[in-house]
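Student: Letter by letter, the chains look like this.
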Amino acid sequence: MVPEVRTPPTSPVGDGSEPAGDAPAPGPGPGPLAIAGALAGTRILVTGATGFLGTALVERLLRRVPDCEVVVLVRRTRRLSAAERTQREIVRNDCFDRLRAEWGEGFAEQIGRRLSAVTGDVGRDGLGLDDAGREILASCDTVIHSAATVSFDAPLDTAVEVNLLGPSRVAAAISGAAPARRAAYPERPATHLVTVSTAYVAGTHQGEATETLYTEAIQSGARARTHSTVTTEVDISAEIDSARRLRADLESESRRPGQLGHFTKVARGELGAAGSHVLAERAEKLRDDWVKKQLVEAGRARAQALGWPDAYAFTKALGERALVGSHPDVAVTVVRPSIIESALAEPRPGWIRGFRMAEPIIISYARGLLKQFPGVPEGVVDVIPVDMVVAALLAVAAAGADPSGASVYQVASSARNPLRYGELVGLVQLWFTEHPLYDSDGQPIMVPEWSFPGRGRVQRQLRRASTAFAVAERVLGVLPVRGERADLAARIEDQHTRADRALGYVELYGAYAETEAHFRVDRLLQLWARLDGSEREAFCFDPGVIEWSHYVSDVHLPSIVDHARVRSTPARSTMVSRSERAKTAILSPDRHLAAFDLENTLIASNVVESYAWLASRHLPAGERVALTARLVREAPALLALDRRDRGDFLRSFYRRYEGASQELLRHDSWELFHHMLLTKSFPAGFARVRAHRALGHKTVLITGALDFVIEPLRPLFDEVVCASLGVDADGHFTGRLDERPPTGEARALILARYAADNGLDLGESVAYADSTSDLPLLECVGFPVAVNPEARLAAVARRRGWHVEQWDKAGGGGRPAVPMGPLDHGVSRWWTRLEGMVDTLTAGVGDR
Amino acid sequence: MSPRPGFVLEVDRSTPPTLFWHGEGFRLEKLPTGSRVLYAPEPLDPLEDPVGSIRRALLQPMGDAEPLPELLRPGMKLTIAFDDVSLPLPPMRSPDARQLVIEQVLDLAAEAGVDDVVLICALALHRRLTEAEMRHCVGDRIYDAFAPQGLLQQHDAEDADNLIHLGLTDHGEDVEINKRAATSDLLVYVNINLVAMDGGHKSVATGLASYRSLRHHHNARTMQQSRSFMDQHRSELHTSNWRMGRLIAESGVKVFQIETTLNTDTFPPQMRFLERREWEWSGRDRAGFLATSTALKRTPDRLARQILHSVRSPYRMTSVQAGEVEAVHAQTTENVYRQQLVAVEGQTDILTLGLPYICPYNVNSIMNPILVACLGLGYFFNMYKGRPLVREGGVVIMSHPTPWAFHPGHHPSYIDFFEQVLSETTDPAEVGKYEEAYATDPWYVHLYRTGNAYHGVHPFYMWYWCAHALEHLGAVIIVGGDRAAVRRLGFTPASTMADALEMATDVVGRDPSLTHLHSPPLIMADVS
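Heads up: the sequence lines are chains A and B, in that order. Adding 42 to a residue's 1-based position in the first sequence gives its number in my numbering. Adding 12 to a residue's 1-based position in the second sequence gives its number in my numbering.
Keep in mind the hints are simulated off the structure, nothing from the lab. You may find that some hints are simply not true.
Claimed, not checked - Taking lysine-lysine pairs in the DSS-like style, the calculated list, with each CA pair at most 27 Å apart, reads: (1) B:K309 x B:K42; (2) A:K625 x B:K42; (3) A:K327 x A:K307; (4) A:K851 x B:K309; (5) A:K740 x A:K625.
As the list claims (entries may be wrong) - Looking from chain B toward chain A, a few residues come up when the C-beta cut is under 7 Å (computed): (6) I378; (7) P413; (8) A417; (9) H419; (10) A441; (11) W455; (12) H458; (13) N464.
Claimed, not checked - Derived DEER-like restraints, expressed as beta-carbon distance ranges: (14) A:T475 x B:E483: 45 to 51 Å; (15) A:G701 x B:D171: 33 to 39 Å; (16) A:A322 x B:D171: 34 to 40 Å.
For each residue, glycine too, the CB sits at the ideal point set by N, CA and C.
Kindly produce the complete structure, drawing on both the sequences and the hints.
Tutor: Below is the structure:
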């Protein structure tokens, strides 16, 4: 456990290696720079430490600067404290593997002594620090602010809160803690704020971008545009207000009845008659997503209107502007990396955390999903390995603040060692030709050749594909398909998602593949010049040393393929083993209960067929035909009602039993079961019920079918929950249900009550069902299983990773072609006579 | 002209291709020169007046039995038991032999003023009959008179209240049979002896018994020691049943046995080509073959099955015997042999069989892989007297589509047996360790008692039926079967007969001798 720092240590000083008062003042002077030496004995606060850059930074500090102390500012989540998050999300990351190996037994002790966490949030004023937190901040010599929302499609208000306001908030907090610091550590310089920005604050247009702050650019007057940075004047506070107001407006807009009706309709389209709770949950999620999407679009539109490619660069740029000059008393240095990618060497070649910008594109390409990506072959993709950014940050921190005011360093490769887009694509293509990914059949996937089309064309193609998939999806969603065919629907949905994702990549990142901006790193190289050989080895940040073919082919691609957990060997499908694993978990003796739906889960039949069979059992031959014709005519209306609300459908359909003799139906039901239902059953389903029972699990059948129809199935289960009809004094059915039928949410409630009554845990239980109307049932157990799912459930199961079973009928059941009972010879004398005549005639033929 | 006896043809260059049954269809196979083809004897002339013959048999019983009218008196308890639909195959055209016999028995009972009469279908652990099947067996008149009152019953081997344990044989075998039958003043058993295995003491001791009793002779050991079970004098199955039958008689159960035999007139005229020898096919036979096989090929499996299962056989009765069980059965067996026995000289390396769409356990149902094995290795393989047709270490090649399909209503435990047991082992002795669990499984018992399902243990019996063949043979090959299903059975799949013969030479060597059993119609080989 990392202790949360409550009070600063009494002696912040190390073992005498701290910079003495008469040592040359650290700064961008011409003298040599010893990074570890300069930072030794200092206390450094890092924000954003749970992120990609932050984790690498903390690790490098602990490993390469032996005597420093690191404090991480970490947000508390609902479940985890800052210290727990630090342990879980930073220390346990494979970034620390090298340290773990180097320190061995002493690892925990070292971490405990040198790494501490303080609870805080850069999204809140005062960083959400308490008094103790502020005291710790006052004790820190350097603050490296790397917290940001790095997603290019973050909602505008989130980006504004974190990226725009974050740096100023940190500066304000440092400024606020300054008096306390001066009082407690009079001999130490003021806290130095190193803030991480992005090279793309300069936009993505052509030409060189120098290491110039906005203020400097403005001061240089008419020549501003030669800096190739965005110099549009922006009223920052108006942007902040507007973003916040937009969020509020959209939140209320999304709650208008019209909008809410739309969300409910979409949810119903997706999930069918899944019950009001499930639908409500889905509709609310859709509303939330809608608001987010509007904010994302608003962010992109606003950014592009002002000259930035997206909300990320836009808010980062405004963040810089807001920071510089907001707190003149705080020493600020801005570091602008370009696109940060996997480590070149430290802590190990290829180390990466999270899936970043280029990775999903590369993996989609390697899987053959992304056939085209727009870009200019001679354009420059500015990529910089994470360990170089870390080293640059440490060098900047070690060099200390520029006494003349805020300064900026760029950490980018384009000016010094450009990687051409065409070259990158060539390297990627070559690599995946040599190391192909494999599809689920174990066949290697050939990567397509990119022809560097224009962005517009690719977007048009993808939009067309997306629309086509959406139409196919809607059509299949309406058709009553299930099982293997429903799988097709799920595959189409998958393709649709992929097309949309590809479109998203193109829209988001297209600009970065077309950029021809060159980010100058002159000031960075001045810093580099001050390092001696050993320092350069320990803290390499010269982009010139990167050999791109080596980096791409030997470092980055193997790492991300490993990271993406894609199939990189022609081994047998892991899908099989996953489904086997799921089956093992389902049939573990640890499970408590197994609940089964009936229709299309255990038996490929429905209440209409059962009714047709029973109703025709004693009808004369002629009337049987009429009955069938009537039911066929009504089928579409029945189906529609069933889709709207299963409970209502059952209630109205069961009216048809009004006046029927209870005794007769109870008798005929046995025949119905053995002659029709059993022949339409899934033997694997029955075997599964029995397997659960054999393991000692309680088995429950929950069905809307009528009690007398499922009577023969009773011995298979411990408990049967079904519908039952009222009976009048003469022993005839009233056609009204005794209780509300067990459908939709009622199923979850019934199961929950049964579990509670029997001391069983639903989390340890299994449920089997085939349609989205059973979602409440499936969702309430720990092990949901979709059996021969209809299209919509297949999609849900796929998204949620639920186990899916395909159960077939036995193939040899002599089931009737139409659901009709055998002819009752007692009521159909003429038919019997006719059959007899045919028999006699054919017998006659035999004798001749 | 008297019917011609059975015939062993030696295939030469001029022999036309031989007809093989192949499930719901046929194959014409050119067998190697020198192969032997066994043809059944032509149908014997039927009884001129079956009803009169039945009447005479009842009045002039065999052995030390009294004529039936003298056994009947008012106030007595009479039970008439009869065989289930597992025979004859295909079901015979109405009126069924059982109906004719039972009607005569009932007439005599009515004349004698007997009014406590119950009819019991002696189905042992077979499936219960449907109403239509029951009507076919006993006729509408009997059905309508007895069924509504509950007097037309089906034996329920799981109804503890209606079973009685009569004791143990000197071999320690439990004898537990239907209580109503055992406690009646007279038990009349009505048989159809389609093959030599049927009838005798096996009728009551097996047909009306419970699992507790059946397990003593329905097991791998007994079946391996029955060589064959079609030859009662060399059959451990029959020896055990005879011990039980004698115990039943000693317990005071008075059995009046009626046995009937049928000729081999198996197929209706439009399918008569199935009974003729290929080189004797007339133009009409050829046309019949072409029409039937083409039509069946173009018909979906399910429909083809339905059509074939609706075939009613023009079987005619050739004899009827009544009286004391053993005396009756000796005569009946003679009569069966007279119709079915064909003398064959010497064994063969390879026995080929064309398996039809039907066996005793899939009337109105599908022949699942286990039944395919049972029909070929249980029934056809055992249709011998003396020595098996195929030599020890020889090969049986069977032709059947063997689909991986089951009737879930009739054969529910077969599905699980195939999935769970045969996937573990195909050794009949090994298989036995799962028997108890299947036999006592409450779900199978439930389906057996309330529906039309074979008892849970039944697939084991089917497998035990193969035990003798499995021990005797070097290999079993199925031509044209579902590969996965054939492999699950432990057999080898082959796509053509030529391939199968090639495979067989790996086991029996080059230039093997081959014999084809041209059946059905039924043939029993007397191998010297």
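Student: Given the proposed pairing of K740 of chain A with K625 of chain A, does the C-alpha separation stay at or below 27 Å?
Tutor: holds (17 Å)
Student: Would the hint on H419 of chain B be counted as holding, given a Cβ-Cβ threshold of 7 Å to chain A?
Tutor: Given a least distance of 5 Å, the restraint on H419 of chain B holds.
Student: Is the gap between the beta carbons of G701 of chain A and D171 of chain B within 33 to 39 Å?
Tutor: Distance hint for G701 of chain A, D171 of chain B holds at roughly 35 Å.
Student: Are H458 of chain B and chain A close enough, Cβ to Cβ, to be under 7 Å, as the hint says?
Tutor: holds (5 Å)
Student: Is it true that the CA of K327 of chain A sits at most 27 Å from the CA of K307 of chain A?
Tutor: holds (13 Å)
Student: Identify whether the interface hint at A417 of chain B stands, where standing means a beta carbon of chain A within less than 7 Å of its own.
Tutor: holds (3 Å)
Student: Grab the minimum C-beta distance from W455 of chain B to chain A and call the hint holds if it beats 7 Å, violated otherwise.
Tutor: Status holds, d = 6 Å.
Student: Against chain A, is P413 of chain B within 7 Å by beta-carbon distance?
Tutor: Violated. Min distance 12 Å.
Student: Look at the Cβ atoms of T475 of chain A and E483 of chain B and judge whether their distance stays inside 45 to 51 Å.
Tutor: The hinted range 45 to 51 Å is violated for T475 of chain A and E483 of chain B, with Cβ atoms some 59 Å apart.
Student: Given the proposed pairing of K309 of chain B with K42 of chain B, does the C-alpha separation stay at or below 27 Å?
Tutor: Distance ~20 Å between K309 of chain B and K42 of chain B Cα, so the pair holds.
Student: With the threshold set at 27 Å, check whether the alpha-carbon distance from K851 of chain A to K309 of chain B stays at or below it.
Tutor: holds (23 Å)
Student: Tell me if I378 of chain B is really an interface residue toward chain A, meaning its C-beta lies closer than 7 Å to one of theirs.
Tutor: Since chain A brings a Cβ to about 3 Å from I378 of chain B, closer than 7 Å, the hint holds.
The structure does not agree with the numbered hints 2, 7, 10, 14 and 16 stated previously, though it agrees with the rest.
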